[in-house]
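Undergrad: Below, each chain spelled out in residue letters.
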Amino acid sequence: MAIQTPNGFNLDTSGKRVVVDPLTRIEGHMRCEVNIGPDNIIHNAVSTGTMWRGLEVILKGRDPRDAWAFTQRICGVCTGTHALTSVRAVEDALDIKIPENANSIRNIMQLSLQIHDHLVHFYHLHALDWVNPVNALKADPKATSELQQKVSPKHPKSSPGYFRDVQNRLKRFVESGQLGPFKNGYWDNPAYLLPPEADLMATTHYLEALDFQSQIMKTRVIFGGKDPHPNWIVGGVPCAINVDGVGAVGAINMERLNFVSDVINQTTEFVENVYIPDIIAIGNLYKGWLYGGGLSGKSVLAYGDIPENANDYSAANLLLPQGAVINGNLKEVHPVDLRDPEQIQEFVPHSWYRYPDEKVGLHPWDGITVPHYELGPNAKGTKTNIIELDENAKYSWIKAPRWRGHAMEVGPLARYVVGYASGHKEITEQINATLAALNVPIDALFSTLGRTAARALEAQRCCHLQRHFMDKLIARIKAGDSSTANVERWDPETWPKEAKGVGFSEAPRGALAHWIKIKDTKIDNYQCVVPTTWNGSPRDNEGNIGAFEASLMDTKVERPEEPVEILRTIHSFDPCLACSTHVMSEDGRELARVKVR
Amino acid sequence: MTETFYEVLRRQGISRRSFLKFCSLTAASLGLGPEFVSTMANALETKPRTPVLWLHGLECTCCSEAFIRSAHPLASDVILSMISLDYDDTIMAAAGHQAEAIVDEIIEKYAGNYILACEGNPPLNEDGMYCIIGGKPYLDQLKKAASNCKAIISWGSCASWGCVQAARPNPTQAVPIHKVIYDKPIIKVPGCPPIPEVMTAIITYIATFEKLPELDRQGRPKMFYSQRIHDKCYRRPHFDAGQFVEQWDDESARKGYCLYKMGCKGPTTYNACSTTRWYGGTSFPIQSGHGCIGCSEDGFWDNGSFYNRLTNINQFGVEANADEIGLATAGVVGAAVAAHAAVSAVKRARTKGGNE
Numbered sequence: 001m002a003i004q005t006p007n008g009f010n011l012d013t014s015g016k017r018v019v020v021d022p023l024t025r026i027e028g029h030m031r032c033e034v035n036i037g038p039d040n041i042i043h044n045a046v047s048t049g050t051m052w053r054g055l056e057v058i059l060k061g062r063d064p065r066d067a068w069a070f071t072q073r074i075c076g077v078c079t080g081t082h083a084l085t086s087v088r089a090v091e092d093a094l095d096i097k098i099p100e101n102a103n104s105i106r107n108i109m110q111l112s113l114q115i116h117d118h119l120v121h122f123y124h125l126h127a128l129d130w131v132n133p134v135n136a137l138k139a140d141p142k143a144t145s146e147l148q149q150k151v152s153p154k155h156p157k158s159s160p161g162y163f164r165d166v167q168n169r170l171k172r173f174v175e176s177g178q179l180g181p182f183k184n185g186y187w188d189n190p191a192y193l194l195p196p197e198a199d200l201m202a203t204t205h206y207l208e209a210l211d212f213q214s215q216i217m218k219t220r221v222i223f224g225g226k227d228p229h230p231n232w233i234v235g236g237v238p239c240a241i242n243v244d245g246v247g248a249v250g251a252i253n254m255e256r257l258n259f260v261s262d263v264i265n266q267t268t269e270f271v272e273n274v275y276i277p278d279i280i281a282i283g284n285l286y287k288g289w290l291y292g293g294g295l296s297g298k299s300v301l302a303y304g305d306i307p308e309n310a311n312d313y314s315a316a317n318l319l320l321p322q323g324a325v326i327n328g329n330l331k332e333v334h335p336v337d338l339r340d341p342e343q344i345q346e347f348v349p350h351s352w353y354r355y356p357d358e359k360v361g362l363h364p365w366d367g368i369t370v371p372h373y374e375l376g377p378n379a380k381g382t383k384t385n386i387i388e389l390d391e392n393a394k395y396s397w398i399k400a401p402r403w404r405g406h407a408m409e410v411g412p413l414a415r416y417v418v419g420y421a422s423g424h425k426e427i428t429e430q431i432n433a434t435l436a437a438l439n440v441p442i443d444a445l446f447s448t449l450g451r452t453a454a455r456a457l458e459a460q461r462c463c464h465l466q467r468h469f470m471d472k473l474i475a476r477i478k479a480g481d482s483s484t485a486n487v488e489r490w491d492p493e494t495w496p497k498e499a500k501g502v503g504f505s506e507a508p509r510g511a512l513a514h515w516i517k518i519k520d521t522k523i524d525n526y527q528c529v530v531p532t533t534w535n536g537s538p539r540d541n542e543g544n545i546g547a548f549e550a551s552l553m554d555t556k557v558e559r560p561e562e563p564v565e566i567l568r569t570i571h572s573f574d575p576c577l578a579c580s581t582h583v584m585s586e587d588g589r590e591l592a593r594v595k596v597r
Numbered sequence: 001m002t003e004t005f006y007e008v009l010r011r012q013g014i015s016r017r018s019f020l021k022f023c024s025l026t027a028a029s030l031g032l033g034p035e036f037v038s039t040m041a042n043a044l045e046t047k048p049r050t051p052v053l054w055l056h057g058l059e060c061t062c063c064s065e066a067f068i069r070s071a072h073p074l075a076s077d078v079i080l081s082m083i084s085l086d087y088d089d090t091i092m093a094a095a096g097h098q099a100e101a102i103v104d105e106i107i108e109k110y111a112g113n114y115i116l117a118c119e120g121n122p123p124l125n126e127d128g129m130y131c132i133i134g135g136k137p138y139l140d141q142l143k144k145a146a147s148n149c150k151a152i153i154s155w156g157s158c159a160s161w162g163c164v165q166a167a168r169p170n171p172t173q174a175v176p177i178h179k180v181i182y183d184k185p186i187i188k189v190p191g192c193p194p195i196p197e198v199m200t201a202i203i204t205y206i207a208t209f210e211k212l213p214e215l216d217r218q219g220r221p222k223m224f225y226s227q228r229i230h231d232k233c234y235r236r237p238h239f240d241a242g243q244f245v246e247q248w249d250d251e252s253a254r255k256g257y258c259l260y261k262m263g264c265k266g267p268t269t270y271n272a273c274s275t276t277r278w279y280g281g282t283s284f285p286i287q288s289g290h291g292c293i294g295c296s297e298d299g300f301w302d303n304g305s306f307y308n309r310l311t312n313i314n315q316f317g318v319e320a321n322a323d324e325i326g327l328a329t330a331g332v333v334g335a336a337v338a339a340h341a342a343v344s345a346v347k348r349a350r351t352k353g354g355n356e
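Protein chains in written order, with my numbering: chain F, 1 to 597; chain C, 1 to 356.
Once the Cα atoms are required to be at most 30 angstroms apart in a straight line, the calculated DSSO-like pairs of lysine-lysine come out as:
1. C/K136 with F/K16
2. F/K425 with F/K150
3. F/K380 with C/K144
4. F/K138 with C/K47
None of these hints come from the bench; they were simulated from the model.
Please build the complete structure, drawing on both the sequences and the hints.
TA: Here you go:
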C-alpha cells in the first residue's frame, strides 16, 4: 500500500518489517521500525521515543531560581544547555539583565558544550557506523603513518611506531575474545568502505579523543564547579572575578583565566588537527553514499544562540544563526518568533498523549499533556511486549512539534543551512571550502554525511568563538569591570505577582526552548520543546513524517538484518531521547492544564 | 590473549619491581602472608577482565559522561584494559537484537562473575512502559541482568535514591535499584553525577583488590562518602570565622568566603567533592562560587530551594541564625585556637622529654 505524505515522501508498507530496539549509541532510549522492499530499499520508517520522565510537572510550584538545576537533569549529555535556557526564561519573565562578563562566561561554557558534544558524538557515538576497528588490524602502520601525515601534517602523533603500538593493543584486545563495546558489531558488513589504514587512523583517534575530551569541559569545571551539570544562577554566573589583592585566590583570578585560555587553545588544536581532517578523509571515502537527507533540503529550523552582547536575543546579535527555511527554498529565510502562538505548535494524534481535540496543535503556552499509552489495532504483540508498532495509531512518547505546520529538522546541519541561506560569511566559506575539498556539489550537503560534516565545521567555528569571548572577558576585566551577577531581582519580593517568559538556546543537537509562567513567586507552568522532539517527531494529523523518519526513506541497505545504515543515519542527528519529556499529573490521569493565553 | 592488569600497569610505565611491591603491600593489607605475593602477582598477570553489563533506565546519561571524564585512570584504560564492558547501550557498536543477545550470553557464560552497573532507574507506573527496551519494560531487562550477577553498582543518584524523576510528585513512579532487586550486594555511588575519579576508583578497587569496598549503613563506599563536604571544605575557616558571602558577586564572594548563607548544603552532604574535587582536582562547586546543592543526598530535590539556608545543622546549636553563629564562632574559635596551641605545646614538651 503506497501513500504520499504531504511533505513529499512515498510510503510503502509492503516488504519486510525490520525492528531496531534498542537503538544504541544515543542518549536515552529509542526504537526504529522500517519496511524494506525486495530491492533492499527502505520504503517506510517509524521512529519511536521509548522513555518518558515527566520533569515539567515536577517543576510546578518550585522556586523559579531552582528551575535550572531540575531542567539541567533533562540531559547529562547536552548538560548545561537546559540550565542556560532555563535561566534565560526566568530572566525574560522577570526582566533581569545580566552583566557582559556573565554573558561571555556563559558563552564560553555553552561553546565548550557544543565542541565537546560534537567531538564525542562523532568519535564515540557515530564513528563505528563508518569505521571498522577490526579491519584496522590489517593495516600497515607505515602506510597509516603516511596517510596521517598527508591528511593532517600538524598532528604530532603520526609515527609508524605509534600506529604499530595502537594496533598491537587493539590486536591483544580483539584476540582476548572479550570485545567489550565492539562485541556483536557488524564488522564484516560490506557497508564499511574504509581501507584498513584509514580504519586504523580513525580507531586511533577514537582513543585519542576519548583521552582528550575531558580537557574541553575543564572550562565549565572552573566557571561552574563540576561537569556534567555545572552550576548557574539567575542573573549572571556564580563565579566571582577578582584578579587583585589578598582576596584574589578566592575567585576567578589570573591562574584560573590562564587555565581556561590554555584549554581553549588545546581544544582548537585537537579539533583542527584531528577532527576536521578525519571528517574530510572519511567523507572523501564515503562521498558516494549520500543517503539520509530527509528534511534537511526541505525544512530546517534554528533559534540561534551565543549573543554577542548581553541581553539581546534578536537574530542580528546572535552568532549562531536564527531562522526557518521551508519547502527547500534557500532564497528565503523566515524570521522565527517563539511567542507567536501560530508558529510553534505541538500535535499528538500519533503520540502517547491525549488532547480534547487532536485535530489542532497547541502552542507551548497552551500546552496540555495527558499521557495515554495504547497500541494501535494493527500492532503486533502485547502492551508490555511490543513486536511491531502500528504507526497509523499512537506510537511514541514524543509529541509532534510543527513550525507553521511544517515538520522541521533542527541541529548543526539545520543551523548551517540557515546560515548558508542567510549569506552568513563564515559559515558559507566553511561550507564552500568543504564542498571543494570533497569535490561535491551543494546538494551533497543534504545528506547523512552533510549532517556529520556540518557538526565538525560548527565545532571548529565554536573554537574560534570561544577565543573571541575569552578575549572579550579579559578586555573588560582590564577595563575595570569584574561584575558577574545582577542581584537587583534576586529577592522574590521584588517580582511581579504574575510573569511569563521564554528562553532559548541551540543545544548541540538543535533548537531548544523553555516556556515558563510564574505566579506568586512559584512556577505555575513550565514547558520545554527540545531538539529531539523536533527530529524524533512522529507523524502529525496531516500525515507528515518527522525528520528521523524522512531521513531513512529510500536508503539502500546492504543486509536488512544488520542495521548499519539505519544506525548511521539516525546517529547523524545525535539523538537525545531523555530530552523528549512532557508533563503529566500526579495521579497519572487528570492533567489537563488549560492555560490562558 | 587478553591484556591483563599487569600488562596495563607495565604499559603505563610501572616496573615489574614496583608491581611486585604493589602485590606485597596489597597482600599485607588483606592480612595475607608473604607466601601469597606470588599467587597474587600471578593472578593479576593472567586473569581475564571482569565482564560488566552497564544498563540505562530512566536517566540523563550524566553518569556515563562523568565516567569518561575521569583523569586517573583514563576511561580508555578502564574500558579497554581493566574490565570488559560488554553491554553499555551508550557506546556499544551493536544494536537491537544483536545487543540484547549480549545480555543473555553474559548472564549465562559468566554466571556469578559479572558486575551489573546500573545508571538510572526503573519506572513502575504504566506497567513499566515509561522506559521500554526491546519492546519490553526496562524493569524486565534489569531483573534478568541482575539474576546472575556478582554485585550491582548503582551509579549516581537515580540508581541510588531515585533522583530528579522521583522528585515530587514522581509521575512515573521511578524507584531506585534496591527497591526492586533484593538479593544482590549493591554498592551505591550517589551524586548527580558522581565524581568521575570516584567512579573509576570504585571499579579499579574491585578489579585490583578483588573484593567489594566497605560500605556504610546506607550502602555507600566509606572511603568516599563517610565525611561531609563541610568537614573538609577549604572555605571552612571562613565559616568558623563568621565570614559569609551575603549576595552573589559581593566583596565577600570575590574573596572566597563561606557560601552557607547562599544556601550551601555542604554541611549535610556526604561526598568527596571538597577533597577529591573534579577532573583531577581542577575545582568543585564551592570553589567556583556556588553552594553545594547536595546532589549525592537522598531526596535532595525535595528539601526546599537550593538557596534556602540550612537550619538543621547540629553544631549551630538550637535555632541560632548565621549572624549570631558568625559572631559566636569567631569568639569560640579564637579561644579554641589558643587552647589548642597550649595543648600542642605541652604535648611537644612531653614528647621531647620522652625522647631524651
